[in-house]
Amino acid sequence: MSFFKRLKEKLIGSSEEKESVEQLDQTPKDIDSSPLQLAEKEELDTPVEEQKVEAVVQAELSEQQEESSKLEVVEVAQNENVVNEVVVEQEEKQPSAWSITQKFKAGLEKTRHSFTSKVNDLVARYRKVDEDFFEELEDVLLQADVGFETVMELMDKLRFEVQRKNIKDTNGIQTLISEKLVEIYESGDENLTELTMQPKGELTVILFVGVNGVGKTTTIGKLAHRLKSEGKTVMLAAGDTFRAGAIDQLQVWGERVGCEVIAQSEGSDPAAVMYDAIHAAKTRNADVLICDTAGRLQNKVNLMNELEKVHRVISREVPDAPHEVLLALDATTGQNALVQAQTFKEVTNVTGIVLTKLDGTAKGGIVLAIRNKLHIPVKFVGLGEKMDDLQPFDAERYVYGLFAEGLEKELNEIEND
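First residue of the sequence shown? That's 1 in my numbering, and the numbers climb one at a time after it.
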């Protein structure tokens, strides 16, 4: 299946789905918890309902002017019903392929504006694909932190395809780059983003690692929210007992998403916290236990010993656990995130990366560098500050986010031919 066909079917979805989502997007995004306040502010566009209410009000007023105060109450009540129906409809509606793709497009805006503008300028200056074009393309990719090894592999693939297909000009070159980047990332593996979950009735333990300040605790809260929305019972373990405020921060997130947090006093043994949390999770028949840990890289020996002890306690209480070891990395740190990933890979068996703050950096190419150099899949990416902005990583949506405008233009040209 061609790259464009996958874009249309998987990423964009059907035309009917796109139209329905676009219509929904025209309604306000920030829905107040009070329908009465919404009605007063007229934040919802419901012309049909308003016409009905207005007709009723005028008819009643013509008959009984003294009933006006009662009619105002009726009007507000009807508006409340309209708002409630819209809120329920939006809450029950599952994210569409189009809306998820738009999250990637919006989240990669900074990288795209920096990266794509340079690619567009390159394509405009070079009408034909030659060695000078490839050399400048290498520089653009390296500046986006795609990584040296990944760039060299991509250049080899591009040169081969250009020669095989006898491509002379730069028309459609962004499509070719996109397709090869997806191929490099996926590398024949399937279900890279799927979490290893245990069968129903068994406890799944997810261990989070990462240095302080990368958004680890926030990511734990967002993942807990995501799993809860899938119908799972989730508990949290406050294993970062050394950083001031870490336990309180996790407890705030626990209250926010409705998850119980197992914690001890600040400075206590993290392994003891894990022991208590596992037994509490078993007693309450929880489906998932997400464990926070300290992230001090200043003394790697102490960190390694601590994580080994935590890992040993978890695996003793739950065979084959932890089932996932997720490393939180701050995308805004660029190549430094790659160094952190290498360090934690030496310390513990990292099964996946959660790349936070991808929406806040122009160095979004670090996703490819991590995957290609360390062979660790990026399982989730943070595309914003909202609760549902933690999204499973998708290579095609990611590459689409990098080249959105160019790919959309080429897709329209193909469809119009």
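Since the hints were derived computationally from the structure, they do not count as laboratory data. Where hints are given, some of them may not hold.
To be verified - Here are the simulated lysine-lysine pairs, DSBU-like style, with alpha carbons at most 30 Å apart: (1) Lys180 with Lys200; (2) Lys165 with Lys200; (3) Lys180 with Lys105; (4) Lys386 with Lys103; (5) Lys165 with Lys180; (6) Lys128 with Lys180.
What the hints assert, rightly or not - If you anchor each label on the Cβ, the simulated ranges turn out as follows: (7) Asp269 with Gly231: 32 to 42 Å; (8) Arg159 with Glu346: 13 to 23 Å; (9) Gly267 with Gly172: 56 to 66 Å; (10) Lys232 with Gly172: 51 to 61 Å.
The model shown is predicted, which means the values in this text are computed figures rather than measured ones. Beta carbons: idealized from backbone N, C-alpha and C, even for Gly.
Status of each hint after checking the structure:
| no. | hint | in the structure |
| --- | --- | --- |
| 1 | Lys180 with Lys200 | violated (38 Å) |
| 2 | Lys165 with Lys200 | violated (50 Å) |
| 3 | Lys180 with Lys105 | holds (19 Å) |
| 4 | Lys386 with Lys103 | holds (11 Å) |
| 5 | Lys165 with Lys180 | holds (14 Å) |
| 6 | Lys128 with Lys180 | holds (19 Å) |
| 7 | Asp269 with Gly231: 32 to 42 Å | holds (33 Å) |
| 8 | Arg159 with Glu346: 13 to 23 Å | violated (35 Å) |
| 9 | Gly267 with Gly172: 56 to 66 Å | holds (60 Å) |
| 10 | Lys232 with Gly172: 51 to 61 Å | violated (44 Å) |
Of the hints listed earlier, those the structure fails to meet are numbers 1, 2, 8, 10, in rising order.
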